[in-house]
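If you read the protein sequences in the order shown, they are chains A and B. Using the working numbering, the first residue of the first sequence is number 1, and each one after it goes up by one. Using the working numbering, the first residue of the second sequence is number 475, and each one after it goes up by one.
Derived from the structure by calculation, the hints contain no laboratory data. Positions of the beta carbon are idealized from the N, C-alpha and C atoms, including for glycine. Keep in mind that a hint or two might mislead.
[As the list claims (entries may be wrong)] Listed next, with one range per pair, are the computed distances between beta-carbon atoms: (1) 724/B to 314/A: 49 to 57 Å; (2) 24/A to 717/B: 20 to 28 Å; (3) 583/B to 271/A: 55 to 63 Å; (4) 557/B to 425/A: 41 to 49 Å; (5) 12/A to 566/B: 46 to 54 Å; (6) 21/A to 724/B: 57 to 65 Å; (7) 530/B to 371/A: 46 to 54 Å.
[Said to hold, decoys possible] To give a feel for the contact side, a few chain B residues facing chain A, derived at Cβ under 8 Å: (8) 489; (9) 511; (10) 514; (11) 515; (12) 516; (13) 517; (14) 521; (15) 525; (16) 550; (17) 551; (18) 553; (19) 554; (20) 555; (21) 559; (22) 562; (23) 685.
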Amino acid sequence: MPDEPSGRNLDGDAPVAEAVVETEEATITGDAELERTIGLTGGLAIGIGTMIGAGIFVFPGLAGGEIGTAATASFAVGGVIALLVALPTSELATAMPRSGGGYYFISRGLGTLAGTVIGLSLWLGLVFATAFYLVGLGYYALDALAQVGIAVGVGSGAIVSVIAVLAGVGFTVLNVTGTENAAKLQNGIVALLLSMLVAFLGFGLLEAFGLVAVDTPPGQAANVWGAGPVLSVAALVFTSYLGFAQVATVAGEMKDPGRNLPLAMVGSVVIVTVLYVLTIFVATNIFTRDALLSAGETAMVEVGRALLGPAGALVIIVGGLLATMSSANASILSTSRAIYGVSKDALLPRWASRINLRYGTPHVALGMAGGPVVVLAATGQVQLLAEVASFLHLIMYGLMCVALVAIRRDRPEWYDPDFVVPGGPLIPVVGALASFGLIAFMNRLSILVGLAVIAATAGWYFYYARDVSLKGAL
Amino acid sequence: MTRVLVPIAVLDGESVSPGLISLLGTVDVTVLGYHVLPEQTPPDQARLQFEERATSALEDMGQEFRAAGGAADHRLVFTHNREQTIDRVAGEVDADAFAVPGTTGDVDRLLVSLSGDVDADRVLSFVEALVGDRPIGVTLFLAPGEDARIASDEAGDAGGPESPGPIAPGDAGDAGDAGDPPSARLAAAAERLREAGIDVSTKSGAEGSPFGSLIDAVPGHDAVVLGERAPSFRSFVFGGEGERVAAASVGPVLVVRGRRDDDVDEDDADGTAEGDDE
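Using the sequences plus the hints, can you model the full thing?
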C-alpha cells in the first residue's frame with residue numbers, strides 16, 4: 001500500500017503531499033505551522049448553526065402537513081441515522097483531522113474514483129443545501145414583509161426566488177470581500193436561537209400537556225402513522241441533519257481534534273434531534289395536518305402566533321431569518337473547504353483553490369459555490385433542492401461508513417484514531433445500510449437528479465484524474 | 475539566555491525597523507512570521523500559495539538579526555487568530571518578552587513602565603539583559619495611583635531565586651517592601667539598574683489615566699518596555715496594552731511576559747480555548 005498519493009491529472013499536477021505533525025494546537029509542516037483556532041463551542045456552532053435553520057423553521061410545515069404528529073418519528077429516524085454516521089465520521093476525523101472532511105476519508109479509504117465522486121458531490125450537495133436554505137430564507141423574508149404590512153398577493157413564489165437569489169449573491173460577495181470574523185457572530189446567533197427555542201418549546205410543551213390553554217384552530221385530518229410515510233418524510237427532512245459533516249470539513253482547524261471533533265459532531269446531532277422532535281410535537285399538537293399544509297414553509301410563524309400572539313410570530317420570523325442565514329453562510333464556508341480538499345489532491349484544477357491577494361479569501365472556490373447556488377435558488381423548489389442535497393450527502397455518509405470498515409481492515413500504519421467507535425463493524429455497517437436505504441424513500445425526480453450528478457462526477461474522474469492514486473495515503 | 479519573540483505580519487509587508495534590530499542585538503530572537511486569514515480560507519490553502527514567499531522574507535529578517543549580534547531563528551504560522559498564535563509560540567520557545575514592532579532609529583533611551591499588576595522583578599531582569607553594557611539610558615515610570623497594587627503584588631515574589639544580574643538578593647528584597655511609598659519603590663528599582671551600570675532616571679506619572687500618563691511620558695524615548703498583565707475586559711475590548719501603547723507611541727514596544735507556572739499555563743490555555751470562540 002502506497003504511503004503517498006501519486007499520479008498526475010490532465011493538467012500534469014500531482015497531489016500535494018508532505019509529512020506533517022499534528023499537535024493539539026497546530027499542524028506542523030516542514031517550514032510552517034497551521035494554527036488550530038476553532039474550539040468546541042465553535043465546532044458546535046458550525047454543526048448546530050448549519051442544521052437548525054432547516055429542521056426547525058422550514059420543515060415543520062411540510063413534514064407535519066404530510067403526516068401530522070407522525071413526523072416526530074420521521075425526525076427521530078433522521079436523528080438516529082445521523083448519529084449512526086456521526087460516530088464513524090468522528091473516528092475517521094480524529095485519525096485524519098484535515099480539511100475536506102468526508103471527501104478526505106473516502107478518498108483515502110476507498111480510492112480515487114470514490115473520492116472524486118464524493119469530493120465533487122460534497123461540493124454540489126452543499127450547493128443544493130445552500131440553495132435550499134436560501135429559499136427558506138426567502139419565505140421568511142416574505143413573511144417579514146407581510147408582518148410590516150407589505151402584502152404580496154400574486155406571484156409570491158417569484159418574490160421568494162428573487163430574495164433567495166439576492167441573498168445568494170450577497171453571501172458570496174460578503175465571503176469574498178469580508179475579512180471580519182463572522183464566526184463570532186455565528187456563535188452569537190446560534191446561542192440566541194437556542195435560547196429562543198428553549199423558551200418557545202417550553203411554553204409549547206406546557207400547552208401540550210394542558211398546563212396552559214390556548215385556542216387551537218379546528219381541523220379534522222388525522223395523523224398518518226405508517227412506516228412508508230414516516231420514512232418518506234424522514235428522507236425529505238434529512239436535510240436538517242447535514243451539518244455534522246460540515247464540522248468534519250474544518251477538522252484541520254479544530255483545537256484538540258481528538259476530543260473536540262467527536263464531541264462537536266455527536267453533540268450537535270443529539271442537540272438538534274431533541275429540538276426537532278420537540279418542535280414538531282409542539283407544532284402538530286397545535287395545528288392539524290391540513291392547517292400546517294396550507295401554511296407551508298413558514299407554518300412555524302402561525303404556530304408562534306397561536307401560542308404567544310403577534311409577539312410569538314415576530315420571534316419566529318426573526319429566528320427563521322437568522323437561522324436560515326446562518327445555515328446558508330456556514331454551508332458556503334464548508335463548500336470552499338470541500339473544493340480546496342479536492343483541488344489539493346489534483347482532482348480539480350489547481351486554480352480552483354487560488355487565494356485572492358487583496359482579501360486573502362479563496363475567491364474562485366467561493367464563486368464555484370455561490371454561482372450554482374444562485375442558479376438553483378432561483379428555481380424556488382424547496383422539496384427538490386432538499387432531497388437532492390440529502391441524496392448526495394447520504395451517498396457520502398454511506399461511503400464514509402464503508403471507508404471506516406475498509407480502513408480498519410487495511411490498517412495503514414498512520415491509522416491511529418483518538419476516538420474509536422465501539423462495537424466493531426456493527427455501527428458503521430448499520431449506518432451505511434440506513435444511509436443507502438433512506439434514499440429509496442425519496443422522490444423519483446430527486447433520485448434521478450442525484451444520480452445524474454454522481455454520473456457527471458464519475459465522468460469527470462475518467463476525463464481528468466484517472467491517473468491520480470490516493471488510496472491508503474495520509 | 476534571554477529570548478524575545480518578534481511577531482511580524484510577514485505577508486502584509488510588515489518589517490522590523492533597524493533601531494529595533496540593533497536594540498535586540500544583545501538577546502536571542504525568534505522571528506514569528508504570521509499570516510492572519512479570514513475564516514473563509516483554510517490555513518493550509520494559504521500555506522500552499524504563500525509559504526515560499528514568506529519563508530524567504532523570514533530568512534532575510536533572521537539574517538539581519540544575526541548581523542546585529544544575537545542568535546535568531548524563525549517560525550512561520552498561518553492562523554485565524556493572531557493573539558492565540560503569539561501566545562502559543564511564545565510559550566513554546568519560552569520567550570521572556572515579545573515585541574510589538576514600531577518605527578524607530580537608534581535607541582538611546584528606553585521608557586520602562588512598572589505600572590500595574592506586573593512582575594517588576596522580571597521586567598528589571600529583562601531590561602538588564604537587554605541593555606547589557608551598551609550606553610542606553612532607562613527611564614523608570616510609575617503611573618499615578620498604581621503604587622499600592624504593585625507593592626502588594628511584589629511582596630510575594632521579589633528576591634526570588636530566578637532573579638539574575640549583579641544585584642544582591644537583599645537589594646531585591648528591599649525593592650519588594652510592601653510598605654514603600656511609590657517614590658521609594660521607583661528609587662529601589664532605579665538603584666538596582668544603576669548597580670548594573672545603567673544610566674537611570676525615574677518618573678512618576680502626573681494626573682490622568684495610567685495609559686494616558688504613560689503615553690505622555692513617551693517623548694524623548696525610542697522604545698517602551700512593559701510588563702504583561704492578566705487579560706482583562708479592557709484588553710478584550712481594545713486589544714493588548716502593548717498594541718495600544720505601540721499604536722499611540724509609534725515606536726516599538728517590548729512586553730515582558732509574566733512568570734509561567736506550568737500548571738497555571740495549562741489552565742490558561744484551556745480558558746482561552748473556550749473563551750476565544752465567544
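Each hint, compared with the structure:
no. : hint                       : result
1   : 724/B to 314/A: 49 to 57 Å : holds (50 Å)
2   : 24/A to 717/B: 20 to 28 Å  : holds (27 Å)
3   : 583/B to 271/A: 55 to 63 Å : holds (58 Å)
4   : 557/B to 425/A: 41 to 49 Å : holds (44 Å)
5   : 12/A to 566/B: 46 to 54 Å  : violated (39 Å)
6   : 21/A to 724/B: 57 to 65 Å  : violated (40 Å)
7   : 530/B to 371/A: 46 to 54 Å : violated (36 Å)
8   : 489                        : violated (18 Å)
9   : 511                        : holds (6 Å)
10  : 514                        : holds (5 Å)
11  : 515                        : holds (6 Å)
12  : 516                        : holds (5 Å)
13  : 517                        : holds (4 Å)
14  : 521                        : holds (5 Å)
15  : 525                        : holds (5 Å)
16  : 550                        : holds (4 Å)
17  : 551                        : holds (4 Å)
18  : 553                        : holds (4 Å)
19  : 554                        : holds (4 Å)
20  : 555                        : holds (4 Å)
21  : 559                        : holds (5 Å)
22  : 562                        : holds (6 Å)
23  : 685                        : violated (25 Å)
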